[in-house]
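J.: Given the coordinates of chain C, work out where chain P should sit on it, guided by the hints.
Protein sequences appear in the order of chains C and P. For the first sequence, my numbering assigns the number 70 to the initial residue and increments by one for each residue that follows. For the second sequence, my numbering assigns the number 410 to the initial residue and increments by one for each residue that follows.
To be clear, the hints were calculated from the coordinates, so they are not data collected in a lab. Positions of the beta carbon are idealized from the N, C-alpha and C atoms, including for glycine. It is possible that part of the hints are untrue.
Lysine-lysine pairs mimicking DSBU-like chemistry, simulated, CA-CA at most 35 Å apart [stated by the list, open to error]:
{"id": "1", "chain 1": "C", "residue 1": "115", "chain 2": "P", "residue 2": "544"}
{"id": "2", "chain 1": "P", "residue 1": "544", "chain 2": "P", "residue 2": "497"}
{"id": "3", "chain 1": "C", "residue 1": "178", "chain 2": "P", "residue 2": "544"}
{"id": "4", "chain 1": "P", "residue 1": "544", "chain 2": "P", "residue 2": "714"}
Label-pair distances were calculated between CB atoms; the ranges are [to be verified]:
{"id": "5", "chain 1": "P", "residue 1": "472", "chain 2": "C", "residue 2": "196", "range": "43 to 49 Å"}
{"id": "6", "chain 1": "C", "residue 1": "113", "chain 2": "P", "residue 2": "523", "range": "31 to 37 Å"}
{"id": "7", "chain 1": "C", "residue 1": "98", "chain 2": "P", "residue 2": "472", "range": "50 to 56 Å"}
{"id": "8", "chain 1": "C", "residue 1": "226", "chain 2": "P", "residue 2": "556", "range": "52 to 58 Å"}
{"id": "9", "chain 1": "P", "residue 1": "709", "chain 2": "C", "residue 2": "117", "range": "54 to 60 Å"}
{"id": "10", "chain 1": "C", "residue 1": "177", "chain 2": "P", "residue 2": "549", "range": "36 to 42 Å"}
{"id": "11", "chain 1": "C", "residue 1": "111", "chain 2": "P", "residue 2": "791", "range": "51 to 57 Å"}
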Amino acid sequence: MKLRSFLPVIALTMSTLCIAGGYLSAGNIMVLPGMVALALVWVIVKRSSGFWAASTLFAGYLLLAGIGVVDGLSFDLMLAGSIAALAAWDLMRFDLDSSQTPEAKASAKMGRHRLQLLAITLSVGWLSAGLAARIHLSLPFFAVLFLAVVAILGLNISLQKLAGRHL
Amino acid sequence: MKFLGLCRSQLSLPAMNDSSRVLIVLMSGLILVGLTIRNGQLMLLAIPLLIYLMVGLFLAPTEIKLHAHRTMSDRSVVVGELIEVVLKVENRGAQLANLYLDDRPFPSMSIIDGQTAARLPLATGEVTEMAYTVKATRGAYVWSTLHALAGDPFGLFDQAIEVLAPGDLLVRPRPMPIRRGYIRPRATKLSAGSIPARRAGTGSDYWGIREYRLGDSMRRLNWRLAARHPGKLFTNEFEQAEIADFGLILDARRLSNERDMDEALFEASLAAAASMAEIFLRRGNRVSLLVFGHTMNTVFPGFGKHQLDRVHQTLAQAQLGRYIPFEYSAFFPVGLFPTHGQLVIYSSLDGRDLDAYARLRAHDYDVLLISPDPVDYAAKIRSTRRVNSLAYRAARIERVVELKRLLGMGVKVVDWQVNKPIDSVLRAAAKHYPPGRWL
Chain C
70 MKLRSFLPVI ALTMSTLCIA GGYLSAGNIM VLPGMVALAL VWVIVKRSSG FWAASTLFAG
130 YLLLAGIGVV DGLSFDLMLA GSIAALAAWD LMRFDLDSSQ TPEAKASAKM GRHRLQLLAI
190 TLSVGWLSAG LAARIHLSLP FFAVLFLAVV AILGLNISLQ KLAGRHL
Chain P
410 MKFLGLCRSQ LSLPAMNDSS RVLIVLMSGL ILVGLTIRNG QLMLLAIPLL IYLMVGLFLA
470 PTEIKLHAHR TMSDRSVVVG ELIEVVLKVE NRGAQLANLY LDDRPFPSMS IIDGQTAARL
530 PLATGEVTEM AYTVKATRGA YVWSTLHALA GDPFGLFDQA IEVLAPGDLL VRPRPMPIRR
590 GYIRPRATKL SAGSIPARRA GTGSDYWGIR EYRLGDSMRR LNWRLAARHP GKLFTNEFEQ
650 AEIADFGLIL DARRLSNERD MDEALFEASL AAAASMAEIF LRRGNRVSLL VFGHTMNTVF
710 PGFGKHQLDR VHQTLAQAQL GRYIPFEYSA FFPVGLFPTH GQLVIYSSLD GRDLDAYARL
770 RAHDYDVLLI SPDPVDYAAK IRSTRRVNSL AYRAARIERV VELKRLLGMG VKVVDWQVNK
830 PIDSVLRAAA KHYPPGRWL
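Next comes chain C alone, as it looks inside the complex:
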């Protein structure tokens, strides 16, 4: 067995540990039946579609992380849990796609590339969200409005550029 086939399980375990740890450290044990229910749903859905089983699991973990944030549990643990769940979802989908890859060499190449990209993307995501949670700015209304307009225009321009690259 290759290490790559264990990666979704490792990511899922990390996500479980982070989210469950966040809940349990606050003395909330209601997360445990929630996770068992999630596992049951995953087993049932997996019979019909691997993709939808993985997506259900991802949505469930994200829901638990969201409830935890609203409940005021550790944001860092919830963020780490949701990022690990995202990684697990991506790797599970990749495993499903890999069954269509005929050559082991091609599969390994794709896997290596994807893992590198995933690691970079999720690290950037984690840093961005983590930093954003720590920076508390109190800006006047017009400054916020200005930033919002800049963000909307920037998004519009970048999308137009992207479309221009394609068309």
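T.: Okay, now just chain P, sitting in the frame of chain C:
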């Protein structure tokens, strides 16, 4: 055989797939709930998802330029033979990190080895090869494109294109071994061939002796007879061998409610027609074909290998259709069956067809009916209950009466129980009837 696929590129925005939709729904949910309950931290959970989605969108392929070659081990095979299909795909555009290729085989093909689909990365200028072995049922198969799906490395956005990769394959019916041409048509054409013309000429079969005439070859003199009759010379004569016109009519109508039986008898008739067409054409005869059914397919008279290819092509595509009266066969195109030619009809025979046979005979066609026996076939596949055996007896009597009526019209009939080889059936028929009169 090689088929060169033309290069095709497609420029369009990548389309969302289920993965990106799931991600957008979850992300939007976090943001909306965060806005509703005014919880900034909840919205922050959406940031890694947003970055993941944006990376996928930016890395989605912009321009796909693929070039495909399809190579097949053979373009024309017999049913049951294996065909190896090799697809070479070259990337002439930007690097594709996540490319899915799907050749989508036909439903009547079974994959024996290899894969018809593959997911792989393909760098600029790189060539990948996809090979698989298939077995197909009788028919003509035409490929035009190869389905390709290029996506971003995370598999969130896809672009589907069809890459030109033409190819065609003809799967012919399995030929039935026929050792020689048992059929001796009444009328032959004035060109040297293999069919005895029932007159003296330059063939190889002994015909008779006549008195020597000036100009006769000395090699053909019968010296033994000349020794017995001093002062006279005699020449050996040989039977002239000529070519003939053969018109094949394949009955492609459903004549009963038994779908499987109709199919089995039709396939047997078709294989016999293909084999006999090959025998006739290899012996230099002229052959035409009419597949008579709901849709009529014709092959006009012709000689040689190309004509055999045309006949095989038409037979490979022949399908059983619904019932139409056999009388319509009288409306075949002018020139399809030359007058006085030999018609060979492959049909299970229906009681309503007899008038059409009479009409063909009235037009002075030499008609031979090779009739796969449906009664015998049904009796073999069904249980032998008493009620069945009585029904078979009645059906057998009805069939014999119909065949006798055809014999009375001057139609030559070969009653063929399809479990027996056609060669032995034709040989038996040729032995049973005096040569020169029948077969």
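J.: Confirm or reject each hint.
T.: Right, here's what the structure says about each hint:
1. C:115 with P:544: Between residue 115 (chain C) and residue 544 (chain P) the Cα gap is close to 33 Å, so the pair holds against 35 Å.
2. P:544 with P:497: Since the Cα atoms of residue 544 (chain P) and residue 497 (chain P) sit roughly 20 Å apart, the hinted pair holds (cutoff 35 Å).
3. C:178 with P:544: 33 Å, holds
4. P:544 with P:714: With Cα atoms ~25 Å apart, residue 544 (chain P) and residue 714 (chain P) stay inside 35 Å; holds.
5. P:472 with C:196: 43 to 49 Å: Violated, since residue 472 (chain P) and residue 196 (chain C) (Cβ atoms, about 32 Å apart) do not stay within the stated range.
6. C:113 with P:523: 31 to 37 Å: Given about 35 Å between the Cβ atoms, the range holds.
7. C:98 with P:472: 50 to 56 Å: 54 Å, holds
8. C:226 with P:556: 52 to 58 Å: Because 35 Å falls outside the window, the suggested range is violated.
9. P:709 with C:117: 54 to 60 Å: Roughly 56 Å apart at Cβ, these two residues keep to the hinted range, so it holds.
10. C:177 with P:549: 36 to 42 Å: Holds, at about 41 Å.
11. C:111 with P:791: 51 to 57 Å: 52 Å, holds
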